[in-house]
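Peer 1: The primary structure of each chain is shown beneath.
There are 2 protein chains.
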Amino acid sequence: MRTASRRSFLIASSGLAALAAVPKSWGRELGEPVRPYGERSPFEKSQRFYRKSPIPETGASGTPLQDSYGVITPSALHFESHHSGVPQIDPAKHELLVHGAVEHPLILRLEDLQRFPSVSRIHFIECAGNTSGDLASTPRPNVQRSHGLVSCSEWTGVTLKTLLEEVGLKPRAKWILAEGADACRMARSIPLDKAIDDVIVAYGQNGEALRPEQGYPIRLVVPGWEGNVCIKWLQRLHVADQPSMTREEAAGYTDLMPDGKARMFTFVMEAKSVITRPSGEQTLHGPGFYEISGLAWSGRGRIERVEVSTDGADSWQAAESQEPRLTKAFTRFRLPWNWDGKPTTLQSRCVDETGYVQPTHDELLAVRGKNATDHYNGIKVWRVLADGKVTHV
Amino acid sequence: MRTASRRSFLIASSGLAALAAVPKSWGRELGEPVRPYGERSPFEKSQRFYRKSPIPETGASGTPLQDSYGVITPSALHFESHHSGVPQIDPAKHELLVHGAVEHPLILRLEDLQRFPSVSRIHFIECAGNTSGDLASTPRPNVQRSHGLVSCSEWTGVTLKTLLEEVGLKPRAKWILAEGADACRMARSIPLDKAIDDVIVAYGQNGEALRPEQGYPIRLVVPGWEGNVCIKWLQRLHVADQPSMTREEAAGYTDLMPDGKARMFTFVMEAKSVITRPSGEQTLHGPGFYEISGLAWSGRGRIERVEVSTDGADSWQAAESQEPRLTKAFTRFRLPWNWDGKPTTLQSRCVDETGYVQPTHDELLAVRGKNATDHYNGIKVWRVLADGKVTHV
Numbered sequence: 276m277r278t279a280s281r282r283s284f285l286i287a288s289s290g291l292a293a294l295a296a297v298p299k300s301w302g303r304e305l306g307e308p309v310r311p312y313g314e315r316s317p318f319e320k321s322q323r324f325y326r327k328s329p330i331p332e333t334g335a336s337g338t339p340l341q342d343s344y345g346v347i348t349p350s351a352l353h354f355e356s357h358h359s360g361v362p363q364i365d366p367a368k369h370e371l372l373v374h375g376a377v378e379h380p381l382i383l384r385l386e387d388l389q390r391f392p393s394v395s396r397i398h399f400i401e402c403a404g405n406t407s408g409d410l411a412s413t414p415r416p417n418v419q420r421s422h423g424l425v426s427c428s429e430w431t432g433v434t435l436k437t438l439l440e441e442v443g444l445k446p447r448a449k450w451i452l453a454e455g456a457d458a459c460r461m462a463r464s465i466p467l468d469k470a471i472d473d474v475i476v477a478y479g480q481n482g483e484a485l486r487p488e489q490g491y492p493i494r495l496v497v498p499g500w501e502g503n504v505c506i507k508w509l510q511r512l513h514v515a516d517q518p519s520m521t522r523e524e525a526a527g528y529t530d531l532m533p534d535g536k537a538r539m540f541t542f543v544m545e546a547k548s549v550i551t552r553p554s555g556e557q558t559l560h561g562p563g564f565y566e567i568s569g570l571a572w573s574g575r576g577r578i579e580r581v582e583v584s585t586d587g588a589d590s591w592q593a594a595e596s597q598e599p600r601l602t603k604a605f606t607r608f609r610l611p612w613n614w615d616g617k618p619t620t621l622q623s624r625c626v627d628e629t630g631y632v633q634p635t636h637d638e639l640l641a642v643r644g645k646n647a648t649d650h651y652n653g654i655k656v657w658r659v660l661a662d663g664k665v666t667h668v
Numbered sequence: 276m277r278t279a280s281r282r283s284f285l286i287a288s289s290g291l292a293a294l295a296a297v298p299k300s301w302g303r304e305l306g307e308p309v310r311p312y313g314e315r316s317p318f319e320k321s322q323r324f325y326r327k328s329p330i331p332e333t334g335a336s337g338t339p340l341q342d343s344y345g346v347i348t349p350s351a352l353h354f355e356s357h358h359s360g361v362p363q364i365d366p367a368k369h370e371l372l373v374h375g376a377v378e379h380p381l382i383l384r385l386e387d388l389q390r391f392p393s394v395s396r397i398h399f400i401e402c403a404g405n406t407s408g409d410l411a412s413t414p415r416p417n418v419q420r421s422h423g424l425v426s427c428s429e430w431t432g433v434t435l436k437t438l439l440e441e442v443g444l445k446p447r448a449k450w451i452l453a454e455g456a457d458a459c460r461m462a463r464s465i466p467l468d469k470a471i472d473d474v475i476v477a478y479g480q481n482g483e484a485l486r487p488e489q490g491y492p493i494r495l496v497v498p499g500w501e502g503n504v505c506i507k508w509l510q511r512l513h514v515a516d517q518p519s520m521t522r523e524e525a526a527g528y529t530d531l532m533p534d535g536k537a538r539m540f541t542f543v544m545e546a547k548s549v550i551t552r553p554s555g556e557q558t559l560h561g562p563g564f565y566e567i568s569g570l571a572w573s574g575r576g577r578i579e580r581v582e583v584s585t586d587g588a589d590s591w592q593a594a595e596s597q598e599p600r601l602t603k604a605f606t607r608f609r610l611p612w613n614w615d616g617k618p619t620t621l622q623s624r625c626v627d628e629t630g631y632v633q634p635t636h637d638e639l640l641a642v643r644g645k646n647a648t649d650h651y652n653g654i655k656v657w658r659v660l661a662d663g664k665v666t667h668v
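Protein chains in written order, with our numbering: chain H, 276 to 668; chain D, 276 to 668.
Simulated from the structure, these hints should not be mistaken for laboratory data. Be a bit skeptical, because a hint or two may be false.
Unchecked claim - Some but not every residue of chain D turned toward chain H, in silico, with C-beta under 10 Å:
#1 301
#2 389
#3 466
#4 468
#5 469
#6 471
#7 472
#8 529
#9 568
#10 642
#11 646
#12 648
Claimed, not checked - Taking lysine-lysine pairs in the DSSO-like style, the calculated list, with each CA pair at most 27 Å apart, reads:
#13 645(D) x 320(H)
#14 617(H) x 664(H)
#15 320(D) x 320(H)
#16 327(D) x 368(D)
#17 320(H) x 617(H)
#18 299(H) x 368(D)
#19 664(D) x 368(H)
#20 368(H) x 469(D)
Said to hold, decoys possible - Footprint (simulated), chain H over chain D, 3 or more residues, beta carbon under 8 Å:
#21 306-312
#22 317-328
#23 335-349
#24 352-364
#25 513-526
#26 581-591
Computed from a predicted structure; not experimentally measured. In this text, a Cβ means the ideal position worked out from N, Cα and C, and glycines have one as well.
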């Protein structure tokens, strides 16, 4: 499988010359005792990135994808995006109202929701505006800033289908308005077909309760669709015969096309991939073996395959995809690579199970133009310089 | 699929009577701003359990399985077990020595390991002594105390096979001694067949660096084998022609049989399942619909199926298993259940892909006796009382 021959992985490494004798401060005395709740090592400094702002209650913070492993995003590093800050909700007092075109309107508390049949599924959530920095005249310098508004968790909750069966839909039911309990009452409309397909009213994330930034105590998870539809701090589901045309769907999350018309309800996040290692602001320490690793995901289903080019798109090699490849979830890809020390570029492109191929920057702009920054999913190219530094193109 | 009819899920719930109006303190003002690293809600109190001890540096703390969702264990709640405390290791100074019957002995630092081809796989780790409390005259009152020494994470690292190919094995190589950097130099021997099958030298857990209690910066993950073999704070791999007969394998982790002989090197954790909800010390609030949910796992491969009895083992129903069912990983199972309000018992049994069936308490004791407390995997029975209280049997 691996193209590198034995003992080639570490040719360039400086750490193998001799049996070193580094003075260590541990292992001579008893360590820390057992404890009720763990924290990461004080040596680990990875954190979400956000721009300083006079109103930090509306904004986003990005996941440090350059430090990511596998397909699960640690909840503490899951990207955030909110429009009026994170409400501090007491779950015992929080209520979810389900009403409108239903036979039996309900108010549900968390403990009620936890009585329903449950599901757990691994899905990514991605901000509609993720990767929009690649349209800027100065692209973002690293993968956290260019692609960090996407993360992937194991979500647990009740399917919206189960909940809608419980309240009983009236014949005119066609759209569901979901509303959050944050100060701006963030709200989006979801068509019924999607609502009963795979949407989850989630209370669990990565094995424990949702984190506050992720909608504690309950949120919608709308697999494969733009993150703003996955309403956090969910307090109301209103069933109606049409979309509610909220601010966020009539103006906010629309895409202005070159002809002056705007695309609305562009829910699906199309197939995207990015190399996370090596990536911008990282450094290769001399020629030799490196593993190229990255993430791919598609709002339309499973990732079928990922290809990587290390020679300016002259040739493409099939990367190995981590199994199992789950629908609407991160797929980790990996490719062994021997760097010859010369300047080059690295890029990945993915194909999803529908056959959709991730477009190049130019292909995408030819269709969409530059008016709309949301839903950009062009191929990301990293440049490797002769000194090993990796930069944006 | 679900046996419960529409609107039956919440018949017994008290929260649905009318449109309530609970005063809330949130949603009127801007919430918390974006932040670099998330914490759980202050309303969440779930924590690992451990007995107070004059030497808390040797001991174990159990995962609160009663609060678990899905199959991923949050790293902060992953069970701990250590013999001389958790060393605080500076990863820049930590070294892994690979030597013995090898062609090219090596010292590797974390940054060297991260140059190798990597894998990420979801696996459980279970303490050999997990569930031993079910042999006590007074069984543990809840699932955290009876079964909490098992957890499941997505682990990332280099396969031990890759590492051994790098150093080159000499013909006499048959066993690998793994040694930790903790004060007791915890050490176990692993046969070569297993070492090159699926063992991982891991540096990542659930998308980020290992947690200190889980062996930061590197540990062994030996899929399906007792946790003490998964050496944490790994600092040495010594290749030899036989096991080293360390204290932990010559005395510590052996199983005394009824005939006075001891089983040694009983590595594999056999198939086990337990209902986590409802479970001991939880309460059912009146007759009606409940989802029975639990976890199953096997050190020999995938869980084939899980069956649940709600009537004292007179009949068994097939539970639904969460997909994908991964090898040597947690499988979450779920079964819809309408409680008629009468006292009963709840129990689960699992079958793994080899056809191995989880035994009853009595079946297991007939073979193994009570001398050995490790590797107990009998069926766990919870009693439901008329007032809804759930207790151990």
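Peer 1: Would you mind marking each hint as holding or not holding in the structure?
Peer 2: Hint by hint, here is what the structure shows:
no. : hint            : result
1   : 301             : holds, 4 Å
2   : 389             : holds, 9 Å
3   : 466             : violated, 22 Å
4   : 468             : violated, 20 Å
5   : 469             : violated, 20 Å
6   : 471             : violated, 14 Å
7   : 472             : violated, 16 Å
8   : 529             : violated, 24 Å
9   : 568             : holds, 7 Å
10  : 642             : violated, 33 Å
11  : 646             : violated, 27 Å
12  : 648             : violated, 19 Å
13  : 645(D) x 320(H) : violated, 48 Å
14  : 617(H) x 664(H) : holds, 11 Å
15  : 320(D) x 320(H) : holds, 25 Å
16  : 327(D) x 368(D) : violated, 33 Å
17  : 320(H) x 617(H) : violated, 32 Å
18  : 299(H) x 368(D) : holds, 7 Å
19  : 664(D) x 368(H) : holds, 24 Å
20  : 368(H) x 469(D) : violated, 52 Å
21  : 306-312         : holds (count 7)
22  : 317-328         : holds (count 8)
23  : 335-349         : holds (count 10)
24  : 352-364         : holds (count 10)
25  : 513-526         : violated (count 0)
26  : 581-591         : violated (count 0)
Violation of the numbered hints given earlier is confined to hints 3, 4, 5, 6, 7, 8, 10, 11, 12, 13, 16, 17, 20, 25, 26; the remaining hints are satisfied by the structure.
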